[in-house]
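**Q** In case you want the letters, here they are:
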Amino acid sequence: MPRSSVYMVRTALLWLAIGAAIGGLMLINKGLAFWPALWAWRWAHVHTLLIGWMLQVACGVANWMLPRPKITGWRGDQRLAWWSYICLNLGVISAVLPGSATLLGLGSRLNGFYLLSGLSYALAMLTWVLAIWPRLIPSLREQKPSA
Amino acid sequence: MFFQSRLFIRSALIYLLASMLVGALVFANQGLRFESRIGALLPVYYHLLMVGWSTQLICGVALWLFPALSREQPHGDERLGWLSYATLNLGLLLRVICEPLHTWSPAPWTGWGLALSGLLQIIGIWAFVLLIWPRVKERAPKPSRPSKAANATEKEK
Numbered sequence: 001m002p003r004s005s006v007y008m009v010r011t012a013l014l015w016l017a018i019g020a021a022i023g024g025l026m027l028i029n030k031g032l033a034f035w036p037a038l039w040a041w042r043w044a045h046v047h048t049l050l051i052g053w054m055l056q057v058a059c060g061v062a063n064w065m066l067p068r069p070k071i072t073g074w075r076g077d078q079r080l081a082w083w084s085y086i087c088l089n090l091g092v093i094s095a096v097l098p099g100s101a102t103l104l105g106l107g108s109r110l111n112g113f114y115l116l117s118g119l120s121y122a123l124a125m126l127t128w129v130l131a132i133w134p135r136l137i138p139s140l141r142e143q144k145p146s147a
Numbered sequence: 001m002f003f004q005s006r007l008f009i010r011s012a013l014i015y016l017l018a019s020m021l022v023g024a025l026v027f028a029n030q031g032l033r034f035e036s037r038i039g040a041l042l043p044v045y046y047h048l049l050m051v052g053w054s055t056q057l058i059c060g061v062a063l064w065l066f067p068a069l070s071r072e073q074p075h076g077d078e079r080l081g082w083l084s085y086a087t088l089n090l091g092l093l094l095r096v097i098c099e100p101l102h103t104w105s106p107a108p109w110t111g112w113g114l115a116l117s118g119l120l121q122i123i124g125i126w127a128f129v130l131l132i133w134p135r136v137k138e139r140a141p142k143p144s145r146p147s148k149a150a151n152a153t154e155k156e157k
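Protein chains in written order, with our numbering: chain A, 1 to 147; chain B, 1 to 157.
The hints are simulated quantities; they were obtained by calculation from the structure and are not laboratory data.
As the structure is a prediction and not an experimental result, all values here were calculated from the model.
Possibly wrong hints are sitting among the right ones.
Label pairs and their calculated CB-CB ranges [as the list claims (entries may be wrong)]: (1) B:Pro67 - A:Leu119: 30 to 36 Å; (2) B:Ala140 - A:Ile137: 25 to 31 Å; (3) A:Gly73 - B:Leu101: 53 to 59 Å; (4) A:Gly73 - B:Ala24: 27 to 33 Å; (5) A:Pro69 - B:Phe34: 52 to 58 Å; (6) A:Leu140 - B:Pro74: 48 to 54 Å; (7) B:Ala40 - A:Arg109: 29 to 35 Å; (8) B:Glu78 - A:Pro69: 35 to 41 Å; (9) B:Trp109 - A:Pro67: 50 to 56 Å; (10) A:Arg3 - B:Phe34: 26 to 32 Å; (11) B:Ala24 - A:Phe34: 31 to 37 Å; (12) B:Gln73 - A:Arg79: 51 to 57 Å.
For glycine and all other residues, C-beta sits at the position ideal for the given N, C-alpha and C.
Next up, chain B with everything else stripped away, as it sits in the complex:
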């Protein structure tokens, strides 16, 4: 498994742990109601789980598993992979910070932070789609071997 793929999957595992912690806090608060502001963490929990964990895990496994693009460039253009990794994770982290703050006390900087987060995540996903698209392909047909009869006529010549 190459480095970029491992990085996607290890980051996904960290998001899984983080989402479980946030989820435990949110659900404990739904039962015990110890702090009303914690309810604002619910969308953060969903997106840590679905973007940080599930989507990023699928991206990492797809980069590793899908058919090689070519002998020279088996993983495709790795720069797109780095762009995808950086923007997706930066966007998600920005959301984790800005979304609860914007719900608790909206300010221009939290609003712009959310907007930037949305833009970064769109770029991250589109870069991944562009990277993996050419690797989703049928197996190329094997070059056919010359038949025995053809070989025999070749020898006769």
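Excised from the complex, chain A in its bound form:
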């Protein structure tokens, strides 16, 4: 597994643990109503699990598993994969901040971070697609001319 995939998958696992804890707390709160303001974290729950966990683990595993066109084990431009990793996680952190601020009684002051989150996600996916695109090549069997 390349280092970029190790970072992506491990960070995805961290988001899974955080997102599950937020979701679990919200469910406990739904049953026992001990902290009504916890509902402000629902978007943090959605972003950590859908983007931070599911999308990131898929990107990390694809970066590891997809074909490597050159015999040297070339995995595409890994700088693009690293930029994708940075932007995706910046996006998730930016999506978690507004809800956390509301929860801490700071109101909607940090809602502007949702814009940063959206832009970061777009940049993350652009760099990831560019990183992975050259690796989607026909297999050697397909490349051989038919007899």
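Starting from the known structure of chain A, fit chain B onto it as the hints suggest.
**A** Chain B in isolation, oriented as in the chain A frame:
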């Protein structure tokens, strides 16, 4: 594919079927409005799909596919895997029962059922993270072979 991994994936497939049934009911009701209480099944549908199907499928495939931990213990500590499987599924099933009931007519036992469900699912996910974490690793460098020149000097000696 070892047994624990197959169990995760087969359970995920069952949740996929269940979520499609619940989803069909919820969406049919959104169009035809035959029973107002069915709307309470929407969060159950989401979580059957995202926890029962997607997350559990990823867990099963990761257990099978990720690099082996060691020659003696290729899948890591399987007890953590069993703890994760049991608590995640028990928690999700408890949610499927208690969440709609709690919405329709809240009672102390449905509230405590939801709380227990939340706790069980947190334990299930954290156990999985602990299990798989050490298996997410770079390939260990191969031991370097002695060069031909070194071999020749060895023979001369």
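**Q** If any of the earlier hints don't hold here, list their numbers in rising order.
**A** 4, 6, 10 and 12
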